Amino acid sequence: MRSNKVYYYYFAGCIAVSSLLFLIIISLVIASIPAFDFYGVGLFASYFPAIYGTIVVSITAILIATVLSIGSSIFIVEYVPQRIKGFFINLNDLMASFPTIVYGFWGLYELGPFLNSTLFQFLYTYLGFIPLFSTPPTAVSYLLASIVLAIMITPFASSLIREVYSKIPESMDEGIYALGLGKYHVIKIKISYIAKSILGALTLAYGRGLGETVAVDLTIGNSFIASPSLLSTGITIPALIANQFGSAFTELELSSLFSLALVLFIIGLVFIIAGKLLFYKRQ
Amino acid sequence: MKDKLIFLFTLICTLIIFSPFLWLVLDLIIKGLNTIIAYGIDFLIAEPPLPGDGLGGIGTVLEGTLFMVLIASLISIPISLSTAVYVVMNERSKFAFLFRFLTESLLEFPTIIIGISVFIIFAKGLKLGLNGITAAIALSIIMIPYTTIQAIENMKQSRDKYLETGYALGLSDSNVIKLIVSEGREGVITGILIGMAKIFGETAPLLFTTVTSFNIFLKNLFSPVSAIPVLIFEYAFSPYENWHDVAWGASLTLMFIVIVLFTLTRFLIRRKI
Numbered sequence: 000m001r002s003n004k005v006y007y008y009y010f011a012g013c014i015a016v017s018s019l020l021f022l023i024i025i026s027l028v029i030a031s032i033p034a035f036d037f038y039g040v041g042l043f044a045s046y047f048p049a050i051y052g053t054i055v056v057s058i059t060a061i062l063i064a065t066v067l068s069i070g071s072s073i074f075i076v077e078y079v080p081q082r083i084k085g086f087f088i089n090l091n092d093l094m095a096s097f098p099t100i101v102y103g104f105w106g107l108y109e110l111g112p113f114l115n116s117t118l119f120q121f122l123y124t125y126l127g128f129i130p131l132f133s134t135p136p137t138a139v140s141y142l143l144a145s146i147v148l149a150i151m152i153t154p155f156a157s158s159l160i161r162e163v164y165s166k167i168p169e170s171m172d173e174g175i176y177a178l179g180l181g182k183y184h185v186i187k188i189k190i191s192y193i194a195k196s197i198l199g200a201l202t203l204a205y206g207r208g209l210g211e212t213v214a215v216d217l218t219i220g221n222s223f224i225a226s227p228s229l230l231s232t233g234i235t236i237p238a239l240i241a242n243q244f245g246s247a248f249t250e251l252e253l254s255s256l257f258s259l260a261l262v263l264f265i266i267g268l269v270f271i272i273a274g275k276l277l278f279y280k281r282q
Numbered sequence: 000m001k002d003k004l005i006f007l008f009t010l011i012c013t014l015i016i017f018s019p020f021l022w023l024v025l026d027l028i029i030k031g032l033n034t035i036i037a038y039g040i041d042f043l044i045a046e047p048p049l050p051g052d053g054l055g056g057i058g059t060v061l062e063g064t065l066f067m068v069l070i071a072s073l074i075s076i077p078i079s080l081s082t083a084v085y086v087v088m089n090e091r092s093k094f095a096f097l098f099r100f101l102t103e104s105l106l107e108f109p110t111i112i113i114g115i116s117v118f119i120i121f122a123k124g125l126k127l128g129l130n131g132i133t134a135a136i137a138l139s140i141i142m143i144p145y146t147t148i149q150a151i152e153n154m155k156q157s158r159d160k161y162l163e164t165g166y167a168l169g170l171s172d173s174n175v176i177k178l179i180v181s182e183g184r185e186g187v188i189t190g191i192l193i194g195m196a197k198i199f200g201e202t203a204p205l206l207f208t209t210v211t212s213f214n215i216f217l218k219n220l221f222s223p224v225s226a227i228p229v230l231i232f233e234y235a236f237s238p239y240e241n242w243h244d245v246a247w248g249a250s251l252t253l254m255f256i257v258i259v260l261f262t263l264t265r266f267l268i269r270r271k272i
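So the sequence lines, in the order shown, correspond to chains A and B.
If you use numbering that gives the first Met the number 0, the first sequence corresponds to residues 0 to 282, in order.
If you use numbering that gives the first Met the number 0, the second sequence corresponds to residues 0 to 272, in order.
In short, the hints are calculated from the structure, not lab data.
Take these hints with a grain of salt, some might be off.
Said to hold, decoys possible - Lysine-lysine pairs mimicking DSSO-like chemistry, simulated, CA-CA at most 27 Å apart:
1) K155/B / K84/A
2) K155/B / K177/B
3) K166/A / K1/B
4) K182/A / K84/A
Quantities reported herein were computed from a predicted structural model and do not represent experimental measurements.
Produce the complete structure using the sequences and hints provided.
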């Protein structure tokens with residue numbers, strides 16, 4: 000029935016898209032070889048502060064984002080009147096697709112000073128004995144970068160969660176009410192119903208957060224240290240690559256940066272695939 | 000009692016997540032307009048100022064951004080649309096599933112990785128150098144998944160409506176495809192606009208594929224132009240107050256472009272339904 004000739008033209012487009020993925024991997028691997036040759040695997044030990052910073056910032060951001068995205072999704076679906084629900088959904092999607100550089104710029108010059116004099120000062124003064132808050136507040140820090148990152152990935156996670164949450168059939172609500180339980184139980188049961196998809200959505204959001212470069216670069220301070228205190232400055236892998244790239248002229252320097260990019264790529268890919276599998280597996 | 004608590008909890012979450020954004024928009028409007036009004040509407044076509052020396056414009060980078068987005072669209076639209084047509088028309092084929100999966104994976108890639116790979120392959124490997132064209136290639140790779148996924152979603156609806164009708168009328172394969180695409184054209188345009196909105200604000204790939212010089216207007220196809228987000232990034236990092244002011248104005252321009260594109264897409268989608 001279908002003449003196959005027509006589809007060959009369109010097939011070419013698909014081949015282009017699929018090959019992109021492999022081209023990216025291959026180019027990174029080939030470009031990193033000189034660094035691995037010269038330094039061996041000890042290369043990553045010397046980059047430890049960057050790896051540490053990436054993990055700390057992403058985990059803190061995703062912890063904040065988990066609470067906020069689930070909370071706001073529930074609120075938008077369950078409590079917002081039908082008429083203005085569309086407005087909130089559109090606002091949420093706008094926030095998700097907003098240029099991230101603006102978030103970083105604003106975070107550095109507006110949110111940073113505000114949080115510094117209020118929240119961070121409070122944390123340092125009263126909870127300073129915990130290693131987590133043991134350095135005095137500075138204009139840039141892990142915590143500021145995590146908060147800005149959380150602001151950026153929450154709308155994205157929110158829209159994914161909202162998508163699944165709103166598709167739960169109303170018969171579930173009705174059944175729970177019929178048992179004599181209240182809204183609290185309705186929400187609790189519905190959330191546990193889609194728990195796997197929520198985990199998938201958060202994993203996808205985490206994958207996005209790993210690669211966020213400029214917003215984190217502006218708000219983390221770019222000091223090559225690994226500090227246990229969230230209020231201290233630090234560095235993450237994307238920020239390190241972006242900063243060092245301008246002054247990396249020799250083959251070896253460039254190759255070291257590319258090897259770091261390869262690590263980032265592999266971590267990101269793992270989280271993207273894991274997130275997809277979790278999100279799309281219907282219970 | 001618990002019902003009230005959960006209402007309060009979710010309300011607070013919503014307030015916490017929406018208020019920073021509204022604060023950000025207000026800040027952009029106030030500070031950005033401050034700069035633009037102080038300099039005049041020429042802000043959009045003038046050159047950026049010297050460090051510490053009064054206000055200037057963003058003309059060079061605005062032109063650079065528009066150039067890059069245009070070239071990126073020219074590269075990515077044919078690829079996206081042909082992928083979308085293939086996936087939509089052959090939904091049950093295993094290849095279609097594979098392509099869909101790969102496209103979605105490409106969607107969430109860290110954009111810095113894409114910038115680095117384009118640098119390795121095109122700027123160094125093919126010796127294209129650091130200029131608007133290389134940046135446009137990186138941006139097109141970022142744009143392709145957005146356009147493809149959106150086009151697939153929307154063409155699925157028009158396919159469900161018109162596929163059998165088309166064949167029943169005896170149309171040839173290519174004419175059926177033309178029918179489906181033209182009936183789903185709002186969706187396709189939405190996809191293109193969404194992709195463009197995404198790449199207008201992308202910074203990380205540009206850091207690896209362009210130079211950060213903001214005083215060059217386009218002379219030829221391979222001029223080393225830069226883009227608005229890179230200007231904001233560099234000026235934000237700098238210690239000069241006047242550069243910060245220009246960065247606010249540039250951020251406002253960027254926000255304006257993104258909101259216009261976003262509103263257009265919502266308007267188009269609503270018309271379909």
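Against the structure, the hints:
no., hint, result
1, K155/B / K84/A, "holds, 26 Å"
2, K155/B / K177/B, "holds, 14 Å"
3, K166/A / K1/B, "holds, 24 Å"
4, K182/A / K84/A, "holds, 19 Å"
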